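Note that the protein sequences, when read in sequence, are chains U and X. Throughout the first sequence, residue numbering follows our numbering, covering 133 to 461 in sequence. Throughout the second sequence, residue numbering follows our numbering, covering 545 to 633 in sequence.
Since the hints were derived computationally from the structure, they do not count as laboratory data. None of the values given here were measured: they were computed from a predicted structure. Watch out, some of these pointers could steer you wrong.
What the hints assert, rightly or not - A few chain U residues that face chain X, going by a derived Cβ cut-off under 8 Å, partial list only:
(1) Thr169
(2) Val171
(3) Gly176
(4) Ile177
(5) Val202
(6) Leu205
(7) Gly208
(8) Trp212
(9) Thr215
(10) Gly218
(11) Leu219
(12) Gly222
(13) Gly260
(14) Val264
(15) Met267
(16) Met339
We treat Cβ as the ideally placed atom computed from N, Cα and C, and that holds for glycine.
Here are the chains, one letter per residue:
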Amino acid sequence: MKVLLPLSLLMLCIYGATMPWVLIRPFSASIRTYNITDVPGGIGILWTVIFLSIPGIILLLLRKPSGLFVVGLAAGVLGWMGTVLGLLLGVITSIIPSIDLAGIDMAKAQAGQGPGVPITVLGSVILGIIVVQRMNSSEQIGPKISVPVVPLVALVPLVLLAINHHVKWLSLGVEGGGFRAEIPGDSLYGSGLLLAGMWLAIASWIMALVMKSRIVVVICGVLSVLVGVTCVFYSLAVWVGGKALGWIIPSSVGDWSSVKVEAALYLSLGGGVVLFVAGICSLIPAISNKSVSLSTDVDISKKRFFVSEVIGAIIIVCIGIAILVRSLL
Amino acid sequence: MAGVASYLAFILILTMWGLGWSAIGAVLGTILKMPVKLSFCASLLLGPLGIVYIVFFGIINRRKSSADQRDGFESVFQAAPQANWDPFS
Numbered sequence: 133m134k135v136l137l138p139l140s141l142l143m144l145c146i147y148g149a150t151m152p153w154v155l156i157r158p159f160s161a162s163i164r165t166y167n168i169t170d171v172p173g174g175i176g177i178l179w180t181v182i183f184l185s186i187p188g189i190i191l192l193l194l195r196k197p198s199g200l201f202v203v204g205l206a207a208g209v210l211g212w213m214g215t216v217l218g219l220l221l222g223v224i225t226s227i228i229p230s231i232d233l234a235g236i237d238m239a240k241a242q243a244g245q246g247p248g249v250p251i252t253v254l255g256s257v258i259l260g261i262i263v264v265q266r267m268n269s270s271e272q273i274g275p276k277i278s279v280p281v282v283p284l285v286a287l288v289p290l291v292l293l294a295i296n297h298h299v300k301w302l303s304l305g306v307e308g309g310g311f312r313a314e315i316p317g318d319s320l321y322g323s324g325l326l327l328a329g330m331w332l333a334i335a336s337w338i339m340a341l342v343m344k345s346r347i348v349v350v351i352c353g354v355l356s357v358l359v360g361v362t363c364v365f366y367s368l369a370v371w372v373g374g375k376a377l378g379w380i381i382p383s384s385v386g387d388w389s390s391v392k393v394e395a396a397l398y399l400s401l402g403g404g405v406v407l408f409v410a411g412i413c414s415l416i417p418a419i420s421n422k423s424v425s426l427s428t429d430v431d432i433s434k435k436r437f438f439v440s441e442v443i444g445a446i447i448i449v450c451i452g453i454a455i456l457v458r459s460l461l
Numbered sequence: 545m546a547g548v549a550s551y552l553a554f555i556l557i558l559t560m561w562g563l564g565w566s567a568i569g570a571v572l573g574t575i576l577k578m579p580v581k582l583s584f585c586a587s588l589l590l591g592p593l594g595i596v597y598i599v600f601f602g603i604i605n606r607r608k609s610s611a612d613q614r615d616g617f618e619s620v621f622q623a624a625p626q627a628n629w630d631p632f633s
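Bound conformation, chain U alone (with noise of 0.2 Å):
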């Protein structure tokens, strides 16, 4: 039993929890952000996934199949308490009254998710099929060797858009003066719909990489096209809006004088190709049964390594760097 990969999984869930998973953005100020850390209680809860993981880490190294459970169940906690904020963030804005401002809801605007969210889900969600699909022992539905290729395609792109879409879109701001506001993607109008719908790709997704069956993957690449094309219009309305309030806001509200549209609307923009193109391919029998095995091994410098321990220390490294940024920022 290989150990590397749920442990980077259960590290990057822990990494994700200190995140922010909830950010605000009052009117010509900074943002503040908050991650699980900052409520009270929330030190306790990690300290109590990081007591439970420690027999489980244990386990795991004796080669324990249940030290593998133990891992799964405590990144599953953290992975749930995502859900569940998610969850709620989305009850609590939907019932902030809106401010309509050419088509976006101001009053939205002010609270989102974080990215730590996401994060902690998926490396919950990854490490709970890895768990399943090691209990799943019959032959006919057993865990697959080989991992199929437009899968790992398309979640890459879909996890970008999902985390991108809480990151600010637009800067509105006053020329001279400290006020400002900024607008992420999900306070527009239909951005609910298009975050359900996303996350309903990102989990279909995550079945076609463990079922041997055709029609999953045709669903998802139709999921994921009408994902892309959303995508891409949204993009490209938000930013034709985007220069329209320049000239809109002066003269009908006369508070913003400037509108600077920011880098993530262009990488949804750049996503939403991607995501389409991956779904177009999806559909496609011979690029779609293209797949990599997971449990051969790899050469590197002359020394064999399995697939998923090289991508666990990939993903120890990337915690490491990002420790190590935050750090130094």
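Put chain X on the given structure of chain U with help from the hints.
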């Protein structure tokens, strides 16, 4: 004091969330003739996604086993995981 109350509330919510999904998964798994331990653990670890997993695999399993019965073969799935599966061994 607020921290302790908040901590207990977190634990309670998480327990209800986990046990709730596990119970739904176990019931669905029983209806779809999936291994109960697998259904329970999948929904405990994956929540709503675990339910989708159980439903998908349950339907595939039922279609596969009915096709096997038509062909005169015994379904491997019906025998193997129920008898041999032990996640803690």
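Status of the hints after comparison with the structure:
1. Thr169: With a minimum Cβ separation of about 12 Å from chain X (threshold 8 Å), the hint on U:Thr169 is violated.
2. Val171: Because about 6 Å separates U:Val171 from the closest Cβ in chain X, which is inside the 8 Å limit, the hint holds.
3. Gly176: 4 Å, holds
4. Ile177: 5 Å, holds
5. Val202: 10 Å, violated
6. Leu205: 7 Å, holds
7. Gly208: 5 Å, holds
8. Trp212: Holds, about 5 Å.
9. Thr215: Nearest chain X Cβ about 7 Å off; hint holds.
10. Gly218: 12 Å, violated
11. Leu219: 10 Å, violated
12. Gly222: At about 15 Å, which exceeds the 8 Å cut-off, the nearest Cβ of chain X leaves the hint on U:Gly222 violated.
13. Gly260: Because about 4 Å separates U:Gly260 from the closest Cβ in chain X, which is inside the 8 Å limit, the hint holds.
14. Val264: 5 Å, holds
15. Met267: 5 Å, holds
16. Met339: Result: holds, 6 Å to nearest chain X Cβ.
Violated hints for the displayed structure, listed by number in ascending order: 1, 5, 10, 11, 12.
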